[in-house]
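Residue-level listing of the chains:
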Amino acid sequence: MVLVAIVQDLVKKYDDICAVDGISLSIQRGEIFGLLGPNGAGKTTTVRMLTGVISPTSGSISVLGLEMPRQANEIRYNIGVLPETANVYVDLTGQQNMNLFGNLYGLKKDIVVKRSTHLLKKMNIYEAKDREAKTYSKGMKQRLSLAMTLMTDGEVLFLDEPTSGLDVESSQEIRRVISEMAAEGRTIILTTHNMQEAQDLCSRVAVINKGKIAAIDTPMNLRRTFEKRQSVVVNLSEPIPRESIQALSNVEDVHISGLTIRCYSPDPGSVLMGLVELAKSQGIKVLSACTESADLESVFLELIRLRRESA
Amino acid sequence: MFPKLWFRQIFTIALKDMRVYYTKGPTLIFGLLFPFFFFLSFIVGRSMDPTSLIPGLIAMVVFFSATAVGPIIFPTETRAYTLERLISMPVPLWCILMGDSLASATFCFISSFVPLVLAFALIELSFIQVGLTIVGIIIGGICFAFFGQLMSAPPVDQTSTIMMITTMVKFPLIFISGIFIPLAALPEIVRFIALLSPLTYVTDLFWASVAGASVFHPFVNIAAIVGWTVLLVVVSFLAHKKTLEKRL
Numbered sequence: 001m002v003l004v005a006i007v008q009d010l011v012k013k014y015d016d017i018c019a020v021d022g023i024s025l026s027i028q029r030g031e032i033f034g035l036l037g038p039n040g041a042g043k044t045t046t047v048r049m050l051t052g053v054i055s056p057t058s059g060s061i062s063v064l065g066l067e068m069p070r071q072a073n074e075i076r077y078n079i080g081v082l083p084e085t086a087n088v089y090v091d092l093t094g095q096q097n098m099n100l101f102g103n104l105y106g107l108k109k110d111i112v113v114k115r116s117t118h119l120l121k122k123m124n125i126y127e128a129k130d131r132e133a134k135t136y137s138k139g140m141k142q143r144l145s146l147a148m149t150l151m152t153d154g155e156v157l158f159l160d161e162p163t164s165g166l167d168v169e170s171s172q173e174i175r176r177v178i179s180e181m182a183a184e185g186r187t188i189i190l191t192t193h194n195m196q197e198a199q200d201l202c203s204r205v206a207v208i209n210k211g212k213i214a215a216i217d218t219p220m221n222l223r224r225t226f227e228k229r230q231s232v233v234v235n236l237s238e239p240i241p242r243e244s245i246q247a248l249s250n251v252e253d254v255h256i257s258g259l260t261i262r263c264y265s266p267d268p269g270s271v272l273m274g275l276v277e278l279a280k281s282q283g284i285k286v287l288s289a290c291t292e293s294a295d296l297e298s299v300f301l302e303l304i305r306l307r308r309e310s311a
Numbered sequence: 001m002f003p004k005l006w007f008r009q010i011f012t013i014a015l016k017d018m019r020v021y022y023t024k025g026p027t028l029i030f031g032l033l034f035p036f037f038f039f040l041s042f043i044v045g046r047s048m049d050p051t052s053l054i055p056g057l058i059a060m061v062v063f064f065s066a067t068a069v070g071p072i073i074f075p076t077e078t079r080a081y082t083l084e085r086l087i088s089m090p091v092p093l094w095c096i097l098m099g100d101s102l103a104s105a106t107f108c109f110i111s112s113f114v115p116l117v118l119a120f121a122l123i124e125l126s127f128i129q130v131g132l133t134i135v136g137i138i139i140g141g142i143c144f145a146f147f148g149q150l151m152s153a154p155p156v157d158q159t160s161t162i163m164m165i166t167t168m169v170k171f172p173l174i175f176i177s178g179i180f181i182p183l184a185a186l187p188e189i190v191r192f193i194a195l196l197s198p199l200t201y202v203t204d205l206f207w208a209s210v211a212g213a214s215v216f217h218p219f220v221n222i223a224a225i226v227g228w229t230v231l232l233v234v235v236s237f238l239a240h241k242k243t244l245e246k247r248l
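Line order of the protein sequences matches chains A and B.
Under this note's numbering, the first sequence has 19 at position 19, and the numbering climbs by one with no breaks.
Under this note's numbering, the second sequence has 21 at position 21, and the numbering climbs by one with no breaks.
I should point out that these hints are in silico values taken from the structure, not numbers from a laboratory.
Warning: the hint list may mix true and false statements.
Result set (DSS-like, lysine-lysine): computed pairs, CA atoms no more than 30 Å apart in a straight line [said to hold, decoys possible]:
#1 K109/A to K121/A
#2 K138/A to K24/B
#3 K114/A to K134/A
#4 K246/B to K109/A
#5 K228/A to K210/A
#6 K285/A to K228/A
#7 K210/A to K13/A
#8 K24/B to K242/B
#9 K228/A to K212/A
#10 K241/B to K129/A
#11 K138/A to K4/B
#12 K109/A to K134/A
#13 K241/B to K24/B
#14 K109/A to K122/A
#15 K108/A to K4/B
#16 K242/B to K129/A
#17 K129/A to K114/A
#18 K13/A to K212/A
#19 K134/A to K24/B
#20 K241/B to K13/A
#21 K228/A to K280/A
#22 K242/B to K212/A
#23 K114/A to K4/B
#24 K246/B to K134/A
#25 K246/B to K24/B
#26 K210/A to K242/B
#27 K241/B to K210/A
#28 K121/A to K134/A
#29 K242/B to K13/A
#30 K13/A to K246/B
#31 K241/B to K212/A
#32 K212/A to K246/B
#33 K134/A to K122/A
#34 K246/B to K210/A
Cβ-to-Cβ under 8 Å is the rule here; a few derived chain B residues that face chain A [claimed, not checked]:
#35 R19
#36 Y81
#37 T161
Quick list of simulated restraints, FRET-style, between CB atoms [stated by the list, open to error]:
#38 G30/A to P92/B: 25 to 35 Å
#39 M168/B to N235/A: 56 to 66 Å
#40 N73/A to Y22/B: 24 to 34 Å
Yeah, the Cβ is synthetic: ideal placement off N, Cα and C, and Gly gets one too.
My request is simple: use the sequences and hints to build the entire structure.
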């Protein structure tokens, strides 16, 4: 097992705010490693430190056997970085953006031409290469941004929320390219707040919130935690005793707030049916009902709880 | 390998800046319109000898045009997140600053061509005078490019904020640096303050090259401008290094 990135006790503080609080992880060559967490969890700050854009307050980072940030420039020749926002130069054409990157990496001119043509075609934006990027749609800008990242042919790629805010078609296009890059043997560090995306793409996922890692596991195992944290929310005309709700099958946890009941369950459909039946049997009206998928915050809390229990 | 690559990176960044920022509103307003109208308001209604007008005109064009591009690059790139993109690549910060300053200085060289031609047309300048004026434009343009660069160090993402700061610094310098009133005619206390301004030495160099009447010897002026340039390069780099993380 070859490790391409090793992070030890990484901390980043801004005055009295701790954005990253003691993260440790190691990433194997050839894997797609996901950093999953809600907005503001510390994912982008972690990636910025891993790519040397910002310096850690404390802790150590090793990428490709080199020390970050001391050897940042050497590392950057062998990595590709796609920051969170599709930050292309909108006043330049797609081709000029590609040339800019190729030249800044010191690639030979014929390689710049060859590689940019290949990548623009791969991203389905070759026809628009001579148009200013300001005329591109958001999805096209993001694909151009990803193409620029790939100009380096980097061994390790850091992709910060590459599909965030994109339509379904553009998201699928980008996920397809990420899968292809992984198949070519590249190591990919992907940040996302989308569990489905993490499950579809990643071999391992670190769940991060408030600067701390709650768990590092396979998406399949994390999925189970997600499923447990799905919920049913019903509004009733009169209260139902907690005990009767807890007696329903598949109910993991119950939160009651006034006449609103939230039941956590891996099978929210059957719990909803049970709740409706229960209300009906007691002559209580169901005013509204819905099922909700797990939010990352609650999954994170669940993971913390599980970790404490196992400890 | 690295020096060659650094040069390429500097020229690539300068070329990008020329393409992106030369036609931006603040560049045209602060770099071209301001010196033009400033000068127009000074000469309208006065019958002045071209020899006493041209040094101030060239100095003002050099000063305004060289400080027009640099200050808008960093706030604009901060707002567009392209700065984060640049610094995540193997491009040292000093190369980014050099590239931006090269674009600023080139804008100055292009803009200064107009008053230089005007000087050539209105005054019979000798070969040495033209040569000295071109030297003044080049070293003055480079010096003020880094001056503009330093002005953009505060970590803000609004061009208007930086333009407000630069205007507050630039305007007083115009009045104390011998552009409208020759240095020798300034009150003694103002003349003392004027010695602290790099624009004073650039203006005085143009007085020497165009009118042949300067307070300092041209070599003294050149040495002072080079000294100011070195100081501005170092301070600008340190200031940007300090504020870079706060921009993200």
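Tested hints:
no.	hint	in the structure
1	K109/A to K121/A	holds (18 Å)
2	K138/A to K24/B	holds (23 Å)
3	K114/A to K134/A	holds (24 Å)
4	K246/B to K109/A	violated (35 Å)
5	K228/A to K210/A	holds (22 Å)
6	K285/A to K228/A	holds (27 Å)
7	K210/A to K13/A	holds (12 Å)
8	K24/B to K242/B	holds (27 Å)
9	K228/A to K212/A	holds (21 Å)
10	K241/B to K129/A	violated (34 Å)
11	K138/A to K4/B	violated (36 Å)
12	K109/A to K134/A	holds (25 Å)
13	K241/B to K24/B	holds (26 Å)
14	K109/A to K122/A	holds (20 Å)
15	K108/A to K4/B	holds (12 Å)
16	K242/B to K129/A	violated (37 Å)
17	K129/A to K114/A	holds (14 Å)
18	K13/A to K212/A	holds (13 Å)
19	K134/A to K24/B	holds (15 Å)
20	K241/B to K13/A	holds (18 Å)
21	K228/A to K280/A	holds (26 Å)
22	K242/B to K212/A	holds (27 Å)
23	K114/A to K4/B	holds (22 Å)
24	K246/B to K134/A	holds (27 Å)
25	K246/B to K24/B	holds (25 Å)
26	K210/A to K242/B	holds (26 Å)
27	K241/B to K210/A	holds (28 Å)
28	K121/A to K134/A	holds (19 Å)
29	K242/B to K13/A	holds (16 Å)
30	K13/A to K246/B	holds (12 Å)
31	K241/B to K212/A	holds (29 Å)
32	K212/A to K246/B	holds (22 Å)
33	K134/A to K122/A	holds (20 Å)
34	K246/B to K210/A	holds (20 Å)
35	R19	holds (6 Å)
36	Y81	holds (4 Å)
37	T161	violated (21 Å)
38	G30/A to P92/B: 25 to 35 Å	holds (31 Å)
39	M168/B to N235/A: 56 to 66 Å	holds (59 Å)
40	N73/A to Y22/B: 24 to 34 Å	holds (30 Å)
Checked against the numbered hints above, the structure violates hints 4, 10, 11, 16 and 37; every other hint is satisfied.
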